[in-house]
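Visitor: Spelled out, the chains give:
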Amino acid sequence: MIKFIFKGILRDKSRSLLPVIVISIGVFLTVFMSGWMKGVFTDMIDMSAKFQTGHVKIMTRSYAENQNQLPNDLALLNVEEILTGLNSDYPDMEWVKRINFGGLLDVPDENGETRAQGPAAGRAVDLLSPNSTEADRMNITNSIVKGSLPGKQGEALISNDFAERFGVKPGDDITIFGSTMYGSMMFKTFKVSGTISFGSSFLDRGAIIIDISDAQLALDMEDASSEILGYFKEGTYDDMRADSVKTSFNSMYSIADDEFSPKMFKLREQNGLDDLLTRGENMSGIMVFIFVLAMSIVLWNTGLLGGLRRYSEYGVRLALGENKGHIYKTIIYEAILIGLIGSIVGTIFGLGACYYLQENGIDFSSLMKNVNMMMPPVYRAVVSPELFYIGFFPGLIAMTLGNALAGYAIYKRKTAQLFKELEV
Amino acid sequence: MATIKINDLVKKFPVGKGHFTALNGINLNFDKGEFAGLVGPSGSGKTTLLNIIGSLDTPTTGSTIVLDKSISELSNKQAAKLRNKHIGFIFQTYNLLPVYTVFENVEFSLLLQKISAFERKKAVMMALEWVGLTDKAKSKPNMLSGGESQRVAIARSMVKKPEIVLADEPTANLDSKNSHHILQTMKKLNEELNVTFLFATHDEKVMQYLNRIVSLEDGKVVSDEIKT
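Read top to bottom, the protein sequences are chains A and B. Heads up: the first sequence at position 128 corresponds to 110 in my numbering, and the numbers run straight through without jumps. Heads up: the second sequence at position 192 corresponds to 246 in my numbering, and the numbers run straight through without jumps.
So here's chain A without its partners, still in its complex pose:
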């Protein structure tokens, strides 16, 4: 009987083509949008983690409350001791110290007079230690436009935009004006080793990147840092693990009434990411619900129209000795077969599109020149195991549900009444 039904589906295009197209499109969109959204959120989390939040971050309680102002006077002290403790207590994580600072970037002319000035957003990371992974983590090496990474103390990378605007090139000197950890004036001249562009105006505007030892020296932050970031060695954020590390660290090291005691925050608790991630997690469910609902309505309608068109067929089948329950069952079997075909086609195309965008991504950097949020310039979809079923089952269910509703009208009629209505 299944073979008989399958032949009918294959030969009667009006029975199968529209539903297969509707399901394929619905499943494709569900799979593709889920993969894309997940990829976008993963990219945003990843970028946030690498540049700002880590998977977990340690700051002093006061620094955390005012971190937008980069208050290095409230920075962490005894950083090496903290790092030693962290490496021993949490060996499955990598811990790095960072200093963020603001200031004025001054470009001198050949006489040492100011030629150009602009606000600087400084980041000090470990660039010079032989085993440091910071340059790779922040994709600094690949983002260099001209020159190279700082190879020794006293060298800096500056924003390529800034460099082009003021005609600064690798080998030129620049001076940073700012304030030290203790509030006194700070002047420090660096040699430009290269220019950099991350493709995000939030990161590129006035960017200057120096080695952390230079920053500690210039800002009087010996054995101090703005923050310590922790990363899971697997490279991906795991909220439950982050929560467990945070709870254990804070219970051991954080003192509630000491504003200078260190406090750990997990990624979700920073920069409003909790809301963003919650919405992202809900988005897939909402999308699947909308597609299933819309597909069910369309397929219900298609099922009703198909049922009307095939009324005389059902009448003949009744007369040939098929009972109406069996006819209803075959309608459901047909729906399952069509749903399977549509879901497989939609899933294959959805996965294909996701894979393409996972490998190639879409570069939005030209649209983000004036965006003041930390957003990656290139967004990629991600192919994950749930994409294999996230659209597949809803597609199958929508088709079966649509036809079950449409066929129920046939099932609930008395055979005699049905036979008359079937116009045989």
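Simulated from the structure, these hints should not be mistaken for laboratory data. Predicted model, so just to flag it, every value in this text is computed and none were measured. Every residue, glycine too, gets a C-beta built ideally from N, C-alpha and C. Be aware that a few hints might be false.
[Unchecked claim] Below, computed lysine-lysine pairings styled on DSS-like, alpha-carbon distance capped at 27 Å: (1) Lys215(B) with Lys(-11)(A); (2) Lys123(B) with Lys394(A); (3) Lys(-5)(A) with Lys194(B).
[Claimed, not checked] Under 7 Å between C-beta atoms, here's a sample of chain B residues computed to sit facing chain A: (4) Leu128; (5) Asn130; (6) Lys131; (7) Arg137; (8) Phe143; (9) Asn149; (10) Val153; (11) Thr155; (12) Ile169; (13) Phe172; (14) Ile280.
[Claimed, not checked] Computed Cβ-Cβ distance ranges for the label pairs, DEER-style: (15) Lys311(A) with Lys259(B): 37 to 43 Å; (16) Arg291(A) with Asn81(B): 38 to 44 Å; (17) Glu245(B) with Leu(-8)(A): 38 to 44 Å; (18) Val276(B) with Asn283(A): 45 to 51 Å; (19) Gly217(A) with Leu165(B): 29 to 35 Å; (20) Tyr337(A) with Lys215(B): 31 to 37 Å; (21) Lys215(B) with Phe(-14)(A): 40 to 46 Å; (22) Val276(B) with Leu(-8)(A): 48 to 54 Å; (23) Phe(-14)(A) with Val276(B): 42 to 48 Å; (24) Phe(-14)(A) with Asn196(B): 50 to 56 Å; (25) Gly200(B) with Lys311(A): 29 to 35 Å.
Got chain A; can you put chain B on it based on the hints?
Guide: Below, chain B without anything else, positioned relative to chain A:
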């Protein structure tokens, strides 16, 4: 021994707040191997009676016993089983399933009986041979003439070797030559296989072939004539 026994059969259909009496006190018996017809004008109750005998409908009152089974007492599944195994239907408009081949159309009722593919093929080819259409087994219904389509419908009704064949205006859409061809085929099957044929018709050509003519008018039997 009567194959079909009808006693005081009344069939009423609800119409608005009242009802319409389609059959009113029918008493008839049909024996095995009869080639009989229900004749009468439109609305006389021919098709309604055929549907009740075919277990597609049930009497309002009275009884209809078909092959020793009371139609009123059959469940949906039992009625379907009776139709599937013992009763063949032939319609005015052939009603072949358009997406299936001639072979598959004829095979359909056997699929419901869980018969092996080999047995099905044998039975289908034999049925097509009866109606002279073995060469059209792979054709689709839209490639057949009206006469050929009705012959396929006959093969479909005969493939399961039923005891009774019910034919509702089987020649209404056919020209004279094809009508005679069809009727000769059915007559031959009636004689060779001893199958009971019961027609609903007002076609004079059909009446020429019938052994018995039951005339209906306003839901009542007005005459029951057996030809000798």
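Visitor: Would you mind marking each hint as holding or not holding in the structure?
Guide: These are the hints, each one checked on the structure:
1. Lys215(B) with Lys(-11)(A): This hinted pair holds, its Cα atoms lying about 26 Å apart.
2. Lys123(B) with Lys394(A): Given that 27 Å is the threshold and the Cα spacing comes to 25 Å, the pair holds.
3. Lys(-5)(A) with Lys194(B): holds, 15 Å
4. Leu128: Violated, because the Cβ-Cβ distance from leucine 128(B) to chain A comes to roughly 10 Å (cut-off 7 Å).
5. Asn130: holds, 5 Å
6. Lys131: holds, 5 Å
7. Arg137: holds, 4 Å
8. Phe143: holds, 4 Å
9. Asn149: With a closest approach of 4 Å, the asparagine 149(B) hint holds.
10. Val153: Constraint on valine 153(B) satisfied, holds at 4 Å.
11. Thr155: violated, 9 Å
12. Ile169: Result: violated, 12 Å to nearest chain A Cβ.
13. Phe172: violated, 15 Å
14. Ile280: Violated: closest Cβ of chain A sits about 28 Å from isoleucine 280(B), beyond 7 Å.
15. Lys311(A) with Lys259(B): 37 to 43 Å: Roughly 41 Å apart at Cβ, these two residues keep to the hinted range, so it holds.
16. Arg291(A) with Asn81(B): 38 to 44 Å: holds, 41 Å
17. Glu245(B) with Leu(-8)(A): 38 to 44 Å: 41 Å Cβ-Cβ, so the 38 to 44 Å window holds.
18. Val276(B) with Asn283(A): 45 to 51 Å: holds, 49 Å
19. Gly217(A) with Leu165(B): 29 to 35 Å: Distance hint for glycine 217(A), leucine 165(B) is violated at roughly 58 Å.
20. Tyr337(A) with Lys215(B): 31 to 37 Å: violated, 58 Å
21. Lys215(B) with Phe(-14)(A): 40 to 46 Å: violated, 21 Å
22. Val276(B) with Leu(-8)(A): 48 to 54 Å: holds, 52 Å
23. Phe(-14)(A) with Val276(B): 42 to 48 Å: holds, 45 Å
24. Phe(-14)(A) with Asn196(B): 50 to 56 Å: This hint is violated: roughly 19 Å between Cβ atoms.
25. Gly200(B) with Lys311(A): 29 to 35 Å: holds, 33 Å
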